Structures are given as C-alpha cells and as structure tokens.
Amino acid sequence: MPKRKLDPLPSAAFQILLVLAGEDLHGYGIMRQVAEQTDSRMRLGPGTLYSSIQTLLEAKLIEELDQREDAKLGQERRRYYRLTSAGRKLARSEAERLADLLRVARTRKILRGDYV
Amino acid sequence: MSEKIYACLLRLFPSHFRESYGDQALQLFRDRARNEKGFFAHLRLWLDLLADLAISVPRQYLYVRPAFTGAAAQDRMQGAPAFFVLVDKSPGAASLIFGCAFSMIALSFFSILLIHAGNNRPSSASIHQPEHATDSRVSALGQATGQPPGDANDVIANAHGVNPGEVMHNYSQSTSLLPRLPVALPRQLQDAAQRKRLINAVIDNLNKHYVDPDAARKTAVALLTHEKNGDDDQVTNGEAFANLLTKQIREVSHDMHLEVVYSQAPLPNLLPEPAAENLARYRKALEHDNCTFEKVEILTHNIGYLKLNAFPDPRVCHATATAAMASLNPADAIIFDLRDNRGGYSSMVSQIAAYLFDHPEYMYDPRESPTQQSWTRSPVAGNRLADKPIYVLTSHSTVSAAEQFCYDLKMLKRVTVVGETTRGSAHAGVFHRLDDHFGMGIPETKVINPFSKTDWEGVGVEPDVKVNAAEALETAEKLAESRLQKK
Numbered sequence: 090m091p092k093r094k095l096d097p098l099p100s101a102a103f104q105i106l107l108v109l110a111g112e113d114l115h116g117y118g119i120m121r122q123v124a125e126q127t128d129s130r131m132r133l134g135p136g137t138l139y140s141s142i143q144t145l146l147e148a149k150l151i152e153e154l155d156q157r158e159d160a161k162l163g164q165e166r167r168r169y170y171r172l173t174s175a176g177r178k179l180a181r182s183e184a185e186r187l188a189d190l191l192r193v194a195r196t197r198k199i200l201r202g203d204y205v
Numbered sequence: 093m094s095e096k097i098y099a100c101l102l103r104l105f106p107s108h109f110r111e112s113y114g115d116q117a118l119q120l121f122r123d124r125a126r127n128e129k130g131f132f133a134h135l136r137l138w139l140d141l142l143a144d145l146a147i148s149v150p151r152q153y154l155y156v157r158p159a160f161t162g163a164a165a166q167d168r169m170q171g172a173p174a175f176f177v178l179v180d181k182s183p184g185a186a187s188l189i190f191g192c193a194f195s196m197i198a199l200s201f202f203s204i205l206l207i208h209a210g211n212n213r214p215s216s217a218s219i220h221q222p223e224h225a226t227d228s229r230v231s232a233l234g235q236a237t238g239q240p241p242g243d244a245n246d247v248i249a250n251a252h253g254v255n256p257g258e259v260m261h262n263y264s265q266s267t268s269l270l271p272r273l274p275v276a277l278p279r280q281l282q283d284a285a286q287r288k289r290l291i292n293a294v295i296d297n298l299n300k301h302y303v304d305p306d307a308a309r310k311t312a313v314a315l316l317t318h319e320k321n322g323d324d325d326q327v328t329n330g331e332a333f334a335n336l337l338t339k340q341i342r343e344v345s346h347d348m349h350l351e352v353v354y355s356q357a358p359l360p361n362l363l364p365e366p367a368a369e370n371l372a373r374y375r376k377a378l379e380h381d382n383c384t385f386e387k388v389e390i391l392t393h394n395i396g397y398l399k400l401n402a403f404p405d406p407r408v409c410h411a412t413a414t415a416a417m418a419s420l421n422p423a424d425a426i427i428f429d430l431r432d433n434r435g436g437y438s439s440m441v442s443q444i445a446a447y448l449f450d451h452p453e454y455m456y457d458p459r460e461s462p463t464q465q466s467w468t469r470s471p472v473a474g475n476r477l478a479d480k481p482i483y484v485l486t487s488h489s490t491v492s493a494a495e496q497f498c499y500d501l502k503m504l505k506r507v508t509v510v511g512e513t514t515r516g517s518a519h520a521g522v523f524h525r526l527d528d529h530f531g532m533g534i535p536e537t538k539v540i541n542p543f544s545k546t547d548w549e550g551v552g553v554e555p556d557v558k559v560n561a562a563e564a565l566e567t568a569e570k571l572a573e574s575r576l577q578k579k
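Residue numbers (our numbering), protein chains in the order written: chain A, 90 to 205; chain B, 93 to 579.
In short, the hints are calculated from the structure, not lab data.
These numbers come from a predicted model, not from an experiment.
The reader is advised that the hints may include incorrect statements.
Heads up, simulated DSSO-like pairs for lysine-lysine below, C-alpha to C-alpha not over 30 Å straight-line [claimed, not checked]:
1) 339/B x 538/B
2) 339/B x 288/B
3) 578/B x 387/B
4) 96/B x 161/A
5) 161/A x 288/B
6) 310/B x 320/B
Partner residues aside, some chain A positions facing chain B, computed with beta carbon under 10 Å [said to hold, decoys possible]:
7) 115
8) 140
9) 167
Just so it is clear, CB atoms sit at the ideal spot from N, CA and C, and this is done for glycine as well.
Produce the complete structure using the sequences and hints provided.
What follows is the structure in structure tokens.
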C-alpha cells in the first residue's frame, strides 16, 4: 500500500499551511480561508480537509490545540490547529520553490509582469 | 435531514478516520449548510461533498498509518512476520453473530464437499498401491500397472525407497519414480481425441529419443495408419490401449524394449529428488543389513559360499564387498547364491566379477553404454580366486543386475550356472512420461552385445545345470566337490 507522503507537498496541504501561517483556525475556518485565498477555486470537502490535517499532524507540521468556541459560529466547541515551526519552514521552502518556478516561467516569457 | 444523509455517507470512511475526524467533518458540514443558503449554494455543497467522498474515501483505505509501517519495518528487521489489526474497534455483536453463522455455513459446506468427494474414491481394495518406489525403468512400472508387489521384477529402491532387503537397481540416470499415490482415476479413455493425443505423444517421444531415427519414423507412420483405419477405436481401457500401442510399435520396430505402459495412479510430473535424510537412511539401512551379503562362509571341502541378495550401491558397500570377497580367498571353489538376488548396481557386478579374472573383462550391460566401470578391475591385489571354479545359483526370481552377472560370466565361460532360468528382465528402455497415466520405455542407447544377438530380456539366463532352485546348492556343492577331487 502506498504511504501518503508530503513530498511533493499536495496543494491542499500547502494551502492549509498558508492559512495557518496567518492564525490558528478550526476546520471550517481553514476551509473558508482556503476558498477565499483561491477565489473559491479550491473548496476543501471534509474528507480531503481532514485527511490533509491528519497527514500534517503526523508529520508534525501542524499541531492540535485545545477545543474552544468560535464566537462567530455559535457555542459549539471546535478543535483548533496551529502551524509548527517545521510547518512554517516547509511552507516557506515550498513558496520559494514556486517562486523559482515563476522566475523560470518569466524568463521563458510564459508569465508577464514584474511581481516576484 | 441532510445532516443525517451525510452522517450515513461518512460511514463509508474507515473506522480510524471516522473516530478521529467524524465529528469534525459533520460539524464542518453543519457550518457550511448553515452558511450556504439557497438552492444553488446547497447544490454546490452537495456536489462538493460527493466529489470529496469520491476522492478521499479510496485514499483513506489506501492510507497506511505510520505506526504500522514503522512497526512492520522494525519487525521485518528482526526476521519475524508482523500482523496488525487495521480496525482498532472491537467487532460489534452483529458482526460476531454474522461471523459465527458464516463460519458454520462454510464448515458445513466443506464437510458436504468432503463427503461427496470421498464417495468418488474407489474402495481401497480396488487400488493397487506399489509397495515401493520403483526403479525408473519400464518394467518397474509393472507395479503400477498391476503386477503384484514384491515381484522380482520390481527391482527397486535406490535412495528413494529404502529397503536394502529388496535391493536397488540403478540402471538409469534419467529416471522417474512412481510414488505411492492414493488417488485412482477412471481407467476409461474418454474419446478418440484422447487416443489421438497419446499417439502423438508416443510419436514425439520416439522421434526425439529412440536410438534408431529411421525405425522411429516407420513406427510413427504405422501408428497413424492404425489410428486412421480405426484399429484403436474399440479400446477404451487405458491398460488395453497401452498394450495395443506396444504391440503396434513392436510389429514395426521389432524392438522388445519399446513399450507403452499405463499407470492407474497418476504419474508424477517432476522427478522427486532424493532427500538428504532419505539417502542417509538408505545408507544406514544398507549397512545394517550388511549390504545384503547374507551369508559368507566356507563349506565342507573348502568350498566358499556367498549368499548375496542384491548388487548394492558400491558407494556404500564397497568395503563390505571387499571384505566378503577377501574372506573367501582361501577357498578352492566359490558358490555365489543369487537365488534371492533382486538386482542392483552394474558397478557392483563389475566389482565382484573383478575377483574372478586375472585381467580386465568387459561386463556387458544392455542398459548402459559402456563406462569405465564396465571393465572389471582385475587383477585384484592379493586375490587368489581368479582361477578357481565358480558356481552361480539361480532361481526364477533372480533378476536384473543378478542376471547380468550370470549372463556375462556364463558367456565368458567363467561360471557354471546351476538352478532355474532367471526372470528375464533387462529393463532396456528409459522411461518417458506421456501424460498423467501413460508413459513409455524407449531405448536411448544401443549397446553392442559382444556375446550374442540377444540378451536375457524376456527369456532369462538359462542355467548350465537345470535343477529346482531348492536343490541348486546341493547340486553345486556336489559338482564342485567332484571337480576338486579330479584335480
């Protein structure tokens, strides 16, 4: 059986790391943030979201926090997740890899503009 | 309502996932359902969920938890197999009851199946089981084809079937052994197609292996003609068909060593290799039995007497044979009692015959091309038997290598054979498997007989002095005595 790996980092996992780089969040919060930062192109379903969270937890890239309520969403207690330093490092290196790719794309005149 | 449906769908996930994240997944569903109102938003929600299920459910089942892979790797390093229970939760009552019921049904089913299969087996009385693993040669197949076990023809037991009293016969290197197989199959030949297949197999083997390719071709034509003319159509019995084919082959080839045989017990596909422990047991049993040198003594009138019940493997029995022959050295005449001798190794024939000559003599063996061992290593240092009168006692059950001993020494006019005509088994064909029940003997080498056109196959070795086996010793003693007195 294939073992799930984070190399290469799946885009869902990277998105989750990026979301948690800003703040600690619960599952629904992560889902909404991901949808927001991708213009709704990526809407993580519960299965994909929690599978990714499971993998990231096992790789110690994120950690689980105590359950607490989210005032905006009612009184239900929710489990929050936080990015670890290893997760931050990985997210950075992934971003750099993408940045390198962008530079290459730019030199090949695939991408225009001067940002990045 | 929607939540209930999604809760049901969540059951598609493996239990370890449901336990860890089931509640959160449901919570996420509730949050979305609450916040995404309107028909299209709801539709999108469900499409998202279904797509998500399609992707993540299989992934979860393929998912291997690191705890398992880590532990498994560790255990593999220690060389021990590892087992893991993938579902952490203990099975529920419903599962246990279902498991019990299913086990009972399966057990009953197999019991019925076994009983049913048992009914198809013939009673043990109708199965002939060979007593021993047989020699490779065709004649030995007689055991499987219905000859009584223990027959002198059943010269047997090289390293596979350990029974030195029954003696071994090593005549072939390309061998097939017939193990005791309790399964008997129908004796009927199913149809013409099966007969055709067999005939083709016979022809293939003849063309490939028979010593005379020209005769093989002629025989093939004859077999096909018989088949075309419908000569084989009436035969449905395996044994009868084997006999018919043998007859047809011999009509053309005039070679009595060509033979098709039928075995009721399935013939093994691969030749079993002798296991090391069998070899050891064989050696031990032979040594325990004094290598079948039953009696070595000096009779009255200084006549040496050796009762030898086999020509055993010289690799095991060289020393015993040397000692036996040395103890006969002072005798003025020797009687070899081969009345109960059931054959064995050609090389042992040469070893013993070496004492009877003062120069190397060729020991003709119709089964094997001459090798270095076909010549006696005469003279033997310190031996005084080379010019002594020799008598060989025979019976109707003297067979195989023992017949070679009688035949060669008689032809060389070195011995006087006293007793009965020997059994007449030269086993000249090498066995080839045709299918599960048919095999054939094909002579692959043609050994030139230096003495005569025919050997003892089928006719036996005629004694010089014909008496009943029971009286042979007494007769030989008298002959020796009178000869010694004449000197």
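Hint by hint, here is what the structure shows:
| no. | hint | verdict |
| --- | --- | --- |
| 1 | 339/B x 538/B | holds, 21 Å |
| 2 | 339/B x 288/B | holds, 17 Å |
| 3 | 578/B x 387/B | holds, 28 Å |
| 4 | 96/B x 161/A | holds, 24 Å |
| 5 | 161/A x 288/B | violated, 88 Å |
| 6 | 310/B x 320/B | holds, 15 Å |
| 7 | 115 | holds, 8 Å |
| 8 | 140 | holds, 5 Å |
| 9 | 167 | holds, 7 Å |
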